[in-house]
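> Got chain R sorted already, so can you dock chains H, C and E onto it with the hints?
Protein chains: 4
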Amino acid sequence: MTSQSFFTRTTPVEFAGADSRDPLAFRFYDKDRKVMGKRMEDHLRFSVAYWHSFTWPGGDPFGGETFNRPWMHGGEALDLAKQKAEVAFETFRLLDVPFFAFHDVDVAPEGASLEESNDNLKVITDIFAGKMESAKVRLLWGTANLFSNRRYMAGAATNPDPDVFAYAVGQVKAAIDATHRLGGANYVCWGGREGYETLLNTDMKREYDQLGRFMSMLVDYKHKIGFAGPILIEPKPKEPTKHQYDYDVATVYAFLQKYDLTKDVKLNIEQNHAILAGHSFDHEVKLAFANGIFGSLDINRGDDLLGWDTDQFAMDVKEMALVFHEMLKHGGFTTGGLNFDAKIRRQSIDPDDLLIAHVASMDACARGLLAAEAMLKDEALAGPLAARYAGWDGAEAKAMLAGKMTFEQIAEKALSLNPQPKSGKQEMLEGIVNRYV
Amino acid sequence: MTSQSFFTRTTPVEFAGADSRDPLAFRFYDKDRKVMGKRMEDHLRFSVAYWHSFTWPGGDPFGGETFNRPWMHGGEALDLAKQKAEVAFETFRLLDVPFFAFHDVDVAPEGASLEESNDNLKVITDIFAGKMESAKVRLLWGTANLFSNRRYMAGAATNPDPDVFAYAVGQVKAAIDATHRLGGANYVCWGGREGYETLLNTDMKREYDQLGRFMSMLVDYKHKIGFAGPILIEPKPKEPTKHQYDYDVATVYAFLQKYDLTKDVKLNIEQNHAILAGHSFDHEVKLAFANGIFGSLDINRGDDLLGWDTDQFAMDVKEMALVFHEMLKHGGFTTGGLNFDAKIRRQSIDPDDLLIAHVASMDACARGLLAAEAMLKDEALAGPLAARYAGWDGAEAKAMLAGKMTFEQIAEKALSLNPQPKSGKQEMLEGIVNRYV
Amino acid sequence: MTSQSFFTRTTPVEFAGADSRDPLAFRFYDKDRKVMGKRMEDHLRFSVAYWHSFTWPGGDPFGGETFNRPWMHGGEALDLAKQKAEVAFETFRLLDVPFFAFHDVDVAPEGASLEESNDNLKVITDIFAGKMESAKVRLLWGTANLFSNRRYMAGAATNPDPDVFAYAVGQVKAAIDATHRLGGANYVCWGGREGYETLLNTDMKREYDQLGRFMSMLVDYKHKIGFAGPILIEPKPKEPTKHQYDYDVATVYAFLQKYDLTKDVKLNIEQNHAILAGHSFDHEVKLAFANGIFGSLDINRGDDLLGWDTDQFAMDVKEMALVFHEMLKHGGFTTGGLNFDAKIRRQSIDPDDLLIAHVASMDACARGLLAAEAMLKDEALAGPLAARYAGWDGAEAKAMLAGKMTFEQIAEKALSLNPQPKSGKQEMLEGIVNRYV
Amino acid sequence: MTSQSFFTRTTPVEFAGADSRDPLAFRFYDKDRKVMGKRMEDHLRFSVAYWHSFTWPGGDPFGGETFNRPWMHGGEALDLAKQKAEVAFETFRLLDVPFFAFHDVDVAPEGASLEESNDNLKVITDIFAGKMESAKVRLLWGTANLFSNRRYMAGAATNPDPDVFAYAVGQVKAAIDATHRLGGANYVCWGGREGYETLLNTDMKREYDQLGRFMSMLVDYKHKIGFAGPILIEPKPKEPTKHQYDYDVATVYAFLQKYDLTKDVKLNIEQNHAILAGHSFDHEVKLAFANGIFGSLDINRGDDLLGWDTDQFAMDVKEMALVFHEMLKHGGFTTGGLNFDAKIRRQSIDPDDLLIAHVASMDACARGLLAAEAMLKDEALAGPLAARYAGWDGAEAKAMLAGKMTFEQIAEKALSLNPQPKSGKQEMLEGIVNRYV
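Residue numbers (my numbering), protein chains in the order written: chain R, 8 to 444; chain H, 8 to 444; chain C, 8 to 444; chain E, 8 to 444.
One or more of the hints may lead you astray.
In this list, chains with the same sequence are indistinguishable; a pair is considered to hold if it fits within one copy or across any two.
Unchecked claim - In silico DSBU-like cross-links for lysine-lysine, where the CA-CA straight-line distance does not exceed 30 Å:
#, residue 1, residue 2
1, K212, K411
2, K420, K231
3, K405, K420
4, K138, K405
5, K411, K231
6, K429, K384
7, K420, K45
8, K420, K129
9, K265, K411
10, K89, K405
11, K231, K143
12, K38, K265
13, K270, K420
14, K405, K429
15, K325, K405
16, K265, K212
17, K249, K45
Worth flagging that the hints you see were computed from the coordinates, not collected in a lab.
Chain R with its partners taken away, still in its complex shape:
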């Protein structure tokens, strides 16, 4: 197999306008179009995820491989990893995306020892570095997989066995070194096994302390090697573990404050993880901004009726418009981007399905971005919002909030008040949003 022959197409997907019916053309994603003064590509900063798109064979808990990718069978591990890299970079080129992201074990085979694994990773890092010289694509982030190998079955940083903790340090060091070497814009930690299956065998306080220590050391190391990007934690409430310590944005914020990490660690927020935690995507993004810990987005969607991570390609324009509206209000991404932590369905076994899925979702994102821009320009939401809270602009209201009145003074003042409720205008606002999407 050559990478060229995996897909039928050889030229990058292009913008063809809203009337196009070609599933391999963009209808809205017009990378050079300016949105609030910046190119669409620079706003959306799309990233293809190595794991779902090139490493996952299509299995689920009740069934095996469906994709039968040529690079997953019948060869020496490193050779197969190189073949996979060929297809991956060809995909990046065809989708014309500016970024990709990977776990160590997605790109390089695990060896019989940590040293061998590290060596494999270095081999692949060199290959990637070479390819990236001539390609457009850059690295949005790297990360280490601390959850698939059985050694991590009871956690990595939070493992009851200190040797596993140490092993995880060794693996993460190699992963952030590789990320640094490749100019990664961020380094991500997803603690899929940092949690518990049962409280009967778990010392939660101790495990949190282990995790705090681990993250503190990683931050120190990042500074030491001059890695400029932030460390990102990706919240997820559960799955694979019954309960994960990085449950949601609020929980991670509590953790970052406790272990004094708010300055160096930001959040990588995912739609599917948000809804598994009982929150809307918009909520999680707004909460992260409110607390100064917004970092990046894993763009995908979960199924509202299912209780596990389906990681489907994001297709809901309205949902994304609201998230991008918040982001644009804050000036958009700095180091972050829209990483497609999304997998084609296991029945989507045609090679082109991989491209079609990305194209359809990139287009939905672009529509969301355009809708957000229009809402912002019109102050469609911001106007009514400011009006709703206008009372707090008064001098006495400001004084209350600034701590310049005591509880008793306010209570005294309240004796003469009889405040009347005002309409929240929810349906009107919903109708307004519908105008834009």
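Just chains H, C and E now, with coordinates in the frame of chain R:
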């Protein structure tokens, strides 16, 4: 109606031993029995909740009153409130509980103005004070209802209207004053409307800041008047509001840290709120202890298959045994207690159902406490737990955790490690717990 | 109060085109526009629901009235009911809808006896009949409220007390008589209390038999009086009751078959009830059509993150496009319609909010209908669907399905087969749908 | 490896009494103890499941193998299958269970063709037959795995490709032949892929018809070969598929009626599948009995806070007591049994964990059975239940239910009624149940 005639029984419910078949006798709750050196009554610190038991008429979103309590009809508001108080104190006496708890509006009618409401509350406070002189029962906590009146429909402290904020201050001042006067052991805040129905009309950051200010002032005021107990926040994720800011223990912990409130504010944790937030009761309690913010418990149960607050009487011995096991490890309650934030089903319309429900649940709690004591004595769970983490007792492991080794040093050390996973023994531990309950 | 003064506007809402920014103008709902040969109005058959819009005061389980409607206070019950009717019919006129729907107790006050209640209903029925002579609006359906009064707390047809069963018969007879008198197109049964709170006190088999009997008698009676429309059952899985017997479409279909009711009883399907049961709206509609029991729709939306019936106004164009696509394939409604079983949020206290909400949702429905029409014309979904199953058009495949081959014959034939999976093309189809909405 | 060396123990687990602390001794399961006149073993009819216990390597969606069973590595497929069989039968012996259950692919490797797969199955069937001659263990049921192989990714009987349908027939024929040869008491169908991932590519009506045809042919074949046991369908709402056609008991009952299968097909009900569908285990069992379609039980438990199938070992005595109470009322199992469709946690990697888990759960079941017996003897639940419905024993009530009164006659009678609600006594009943568990 006299209070005596509401129930058929006139003498307090008594301990009758495990073989009793009388639904109005305790089978396990033997108040003077010593558990780890303390009387059962002093461990469990049961409290009857005024709202569910005396103020709720039995309605639900699709149906009206079912209980037809005599004190809810056909009289002048304050007179009815006094009648209700008669029945309430008679209930406390018959159940032989050491505590009760109330919202301002449960006990005293709202007036046409804040001043009138405050006056009504004072009248009832005097009556309660008089009754409490001769009664055994004390006040576990008081609170203000900042969610039922339409003025609070968009929040109290987090309202877009500063006058509502001020009004809430006025109401809370009166409520904590009343609580203080009655010797309340705690003061509770449940922010049922502190949240949002839609993010389209909500400035979350601003509302969090309002809530932070409100709580800070309340803490200041508490100190000023010499109220010795803690302020307790009761987390709940949703209902009535779509999203509530005091979502769960972790979220409140983030809030307390951000607004520097961890010293004075603790948590009042409820089983039903825990499961609505996606957590086990045990999880929430352990997390609160791990972060030094455990305060008190609202004891009830939710329905695992329903998505709203059913506030049923707690009957699951195993669930409570695990919670009490954690509590006993930390020495049990200080100011907190087991408040029955539980309501009889709306079909339980016989007056005696109110007593029967409390008795059955008190008994289930007592069984849970005895099971917890036995597990602790046997080190049934603590033993295996210590063994599981024993590796961290080693010198090098301690050094890692204490920050005495750098990331690179640990990574270097890891090159020679090949840690093997050990069984988590979950089923064995589950079998052990089954021995005790 | 006069009905005219309740709303600020006096002329019906009109179509103003997609660019309109007026929340009281239609942007897509153009009632005379032809869609697949039929007027939009005749396709969508919008109906305003009396209960949410005129009878619900804005309360929720934690708070009281917010709307303070003039017709809910300070008058004699029948007079208030007449005032309410004035506003209701004015609303129908302003929204220019062809239908409305009601429960008996929404429109007429309950009396002290069944006879008095029936008399009240007759008074109001006469008033309605008078108003309908001159108004455009017709009755989509009537129904009886068998869940709010405490007598029904343990069910109506499924009550353990046969007198309650009889009383329910009496009430339903009056309600279907009124519906018939007013030319109602359907009669609806929603069994909100036909279910159980706990299996500990429930004989499920017996209760199902009671329900079967009740429905059979109702069907007989309908025929006897010449009521031409179908009886509709509205499935809902839970709330108010823990478990309701009419759980979802499949469950009701099982019931209808068992009690031989499939011919006369159809389904009234609601989005919010669908998702509470774990199904998409589209699924429930498709399943009803597949089994020949589709009747009508309650159009609203639930919150995917909440576990109770929020009954919000439907705003999701894509969701409705898929439902209408199915409906159009089957020729659209016969007796059914789109009944707004939707309530404005309790914070939407401005009178105009009631109009704005309907307008925004009617527009979203109209967009959905237009999208469905376009997809059908293009065979955007139907084309790929037919291709996917084309293999079943073969002679042998048809023979298998028609029962013309035995199990052994097919098994024998299978020995020479090695079928290869084909892509399900899910992302491509999702991208296609996004083109239309 | 020899089977003897896999476990440390060589003698069957024995009953040691309630005070035993040995995790490899029964505290309650005393197989010869008589319960309502029948031996415990004959009541509970425990079955070990081949797939979870011997075929699953410990993986989950985010991690690979943890168990490293010797029979899963490094040998020729049939040899490994034989090794596995050794350990399996040794497990049956050590647990002293009367039954086991299997899928075709659990026990025999899939070949390169259907013929080869069938041959492999025959080889293993012969081996099993040989072992079963001398062993105590019998076959509770066999089944075919129609979900793991990629050919079934879009369903088996409901596949869009008729060749897959045919292939499934071929596979099921071999599986029921093997089951018949081994004297299986039932044959099970679990339609894990009979459903859809998206309605966009699904013709639900057609797929239901395919499934109906498939089941009808299977029933015909069963009669033809003289297989005496029932065909059992195992309902599950979702996972792996987004929606499965055999959603829950009610849905399957609708299906069985439509395709005229109620006589020959019964249900195999699982706790974890019940709660995933939003029902209690008890509900599903009661509903199956109410409709005459109860067959067998998959005994396990799900996690109430997780949205996927955790298949944990059942440990909740109360839940099982209520299920067994219903079962005992109906005389207990006929062909069915308690099949442990349960898997040890992936961290439970000690070989003995497999035994410990079964022992702990068998004991919990035994306690549940004893509690059910005691409740039945005391009429603890049956007494109050009969009293609650006693009104229906009256002559007129019976006449109403028997269809001997018309709707109008009952409505007329209702005019003189004013039924008063009676307490549902839920808390009292919950307290009563707590006495027994």
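> Could you check the structure against the hints above and give me the numbers of any it violates, in ascending order?
4, 7, 10, 12, 15, 17
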